[in-house]
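A.B. asks: Quick mapping for you: the protein sequence lines, in order, are chains A and B.
Everything in the first sequence is counted per this note's numbering, starting at 17 for the first residue and increasing by one.
Everything in the second sequence is counted per this note's numbering, starting at 1036 for the first residue and increasing by one.
Since the hints were derived computationally from the structure, they do not count as laboratory data.
Positions of the beta carbon are idealized from the N, C-alpha and C atoms, including for glycine.
A hint or two may mislead.
Unchecked claim - Partial selection, computed: residues in chain A whose CB lies under 8 Å from chain B:
#, residue
1, Val77
2, Met102
3, Leu376
To be verified - Taking lysine-lysine and the DSSO-like style, the derived pairs with C-alpha atoms no more than 30 Å apart in a straight line are:
#, chain 1, residue 1, chain 2, residue 2
4, A, Lys228, A, Lys83
5, B, Lys1069, A, Lys83
6, A, Lys113, A, Lys228
7, B, Lys1069, B, Lys1044
8, A, Lys182, A, Lys413
9, B, Lys1142, A, Lys83
10, B, Lys1127, B, Lys1044
11, B, Lys1142, A, Lys391
12, A, Lys113, B, Lys1049
13, B, Lys1049, A, Lys83
14, A, Lys83, B, Lys1127
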Amino acid sequence: MSKPMARNVTNEGFDTTAHLRNAAAQAAKRGYDDFMIVDVDAHHYETEAFSEIADYIDDPVLRREAKFQGMSRGGIASMDGSYQEMTGRVIRYPERKNEKVPPEPHRDITLMYRWMDAMGVDVACMFPTPMLNIVTCPRIEVEVALARAYNRWLCDNILKTENRLKSMLYLPFNDPAACVDIVEKFGDKPGVIGFMVVATHYRSVHDNAYMKLYSMLQERNLPLAFHAAYTWSDKQLSLTNRFMAVHALGFTWHNMLHMTNWLVNGMPERFPKLKLIWIESGLAWVPFLMQRLDNEFMMRTSDAPLLKRKPSDYMREMYYTSQPMEMVDNLEALEVTFKMMNAKTQLLYSSDYPHWDMDLPMTIYDLPFLDEQGKRDILGGNAQRLFNLETALAPGKLERRAKRGVKAAAG
Amino acid sequence: MSEPVLVCKSDDLKEGAVQVFAIGDIEIGVIRHKGNCVAYRNVCPHQGGPVCDGRLMPQVEDVIDPNGLFVCQNFKEDDMHIVCPWHGYEFKIATGEHAVDPNVRLKKYEITERGGNIYVTL
Ligand code: FES
């Protein structure tokens, strides 16, 4: 008998012929050589050849988009596949993966500090990017499992050691009981400064199932944030065909919807100490909704009987992040917006870096209608008070201050 | 006006190429476009991004047929832009004007090409 041949299965790599060698043996044994076999449904994976296929797209703009996005998950034809990065125009998206970092600390920590130090940001509340979209996953247990995994990973690998990095942790809003459990388990972890719901969910915020969650957050003095998002799977927004449209509407629409339900159902009266933050919808929607809701409320107070004041009075007590701040060329409108929303105390600077529509601190600092204290409050003071943060300046700032001989506390 | 500053040899700047030069503490992007050279301050009027570090892209157009029906999109290869890498503002390479609003424009510098060299005047 010949010596057995050893194969290291783990290392040998994949080869179709080897993988199907038993099929070849079956074919030989059954004498398939003697007749014709036709397979009427077979597939190839065109993913690897997709760039060649994309060359055949007639429309050159779409062709470029297809080549940039590819055809795999998140690709050009997928529900949430988007060309957010403008098919390579915003270079940090495609280039990020090539950025070199030292082996320690964790890559994500190094990359966070690099942009924070460049912009002068001392403390940042970090959120995931693609994992925000787990909210639209139809498999609720998948959303919950991923939310728990991300939160645990973030707490263990980043927040535990990094004083400058904080987060409002993701709540899997499609499962109210899981939200409660996550607040219980993570609410007092270092660096957790609140909890966040992604706005593209399809269960009303006034559903009785959430009352326990809200009262827990209120009790623990942890803010609840609604982080805007878009989804091309939304029935109405699926009528849009360009990213600019789905983004401009989606990022405001979903938050406007939740804000409206929150007010009409008297949630500010039911949870008067619960602090709410509206993230990444910009600012222009706020005066619009204030005017719209106040007007209707005055005629239909019976539709919102829990409210003791006008909707805008409650809105002025909530918090808003600043980005993407609409400021193309109407400073007057922006100033009115700031006044209407009581920006001096309620507005929190946010960059949204590294996303395509990020805002630098200069978007606030250069506003001519704010005084120095107002600028500093919006850029940091309001957040410091809301989240009860210690004063912490970036090491680079401290070094430069020491060189200049500045000792006084920052403010 | 200050003296023209030699930035590079003509041969070093091929058609469609962009080079960024630091002159003192000012960064200037020099682009060769349709044979000519243009020079812009490498600071975007939007939020101050390094606009000349960006990609060159043609203007995109929607093609509409005589009956008003959408046909496809196209790149207008004869209307090239430089795209700021921070947020995507697009500027016409030839003039430095924003693709839609000419009031938003890059700071342009005088540029001369002679004797096989390229000079920028600050
Ligand atoms: S800074 Fe150039 S597009 Fe924003």
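A.B. asks: Measure nothing beyond the straight line between the CA atoms of Lys1127/B and Lys1044/B; if it is 30 Å or shorter, mark the hint as holding.
C.D. replies: holds, 24 Å
A.B. asks: Please verify whether Lys1142/B and Lys83/A have alpha carbons no more than 30 Å apart.
C.D. replies: With Cα atoms ~34 Å apart, Lys1142/B and Lys83/A exceed 30 Å; violated.
A.B. asks: Take the shortest C-beta to C-beta distance between Met102/A and chain B; is it under 8 Å?
C.D. replies: Check passed: Cβ of Met102/A comes within 5 Å of chain B, closer than 8 Å.
A.B. asks: Check the hint pairing Lys1069/B with Lys83/A against an upper bound of 30 Å on the C-alpha distance.
C.D. replies: Satisfied, since the Cα-Cα distance of roughly 27 Å is no more than 30 Å.
A.B. asks: For the pair supplied as a hint, Lys182/A and Lys413/A, is the alpha-carbon distance within the 30 Å limit?
C.D. replies: holds, 19 Å
A.B. asks: Please verify whether Lys1069/B and Lys1044/B have alpha carbons no more than 30 Å apart.
C.D. replies: Status holds; Cα separation ~17 Å.
A.B. asks: Given the hinted pair Lys113/A and Lys1049/B, is their Cα-Cα distance within 30 Å?
C.D. replies: holds, 29 Å
A.B. asks: Any CB of chain B closer than 8 Å to the CB of Leu376/A?
C.D. replies: holds, 5 Å
A.B. asks: Within a Cα-Cα threshold of 30 Å, do Lys83/A and Lys1127/B meet the stated pairing?
C.D. replies: With a Cα-Cα distance of about 25 Å, the restraint between Lys83/A and Lys1127/B holds, given a limit of 30 Å.
A.B. asks: Given the hinted pair Lys1049/B and Lys83/A, is their Cα-Cα distance within 30 Å?
C.D. replies: holds, 26 Å
A.B. asks: With a cut-off of 8 Å on the beta carbons, see whether Val77/A makes it to chain B.
C.D. replies: The hint holds - Val77/A has a Cβ within 8 Å of chain B, the shortest such distance being about 4 Å.
A.B. asks: Are the Cα positions of Lys228/A and Lys83/A separated by 30 Å at most?
C.D. replies: violated, 47 Å
Checked against the numbered hints above, the structure violates hints 4, 6, 9; every other hint is satisfied.
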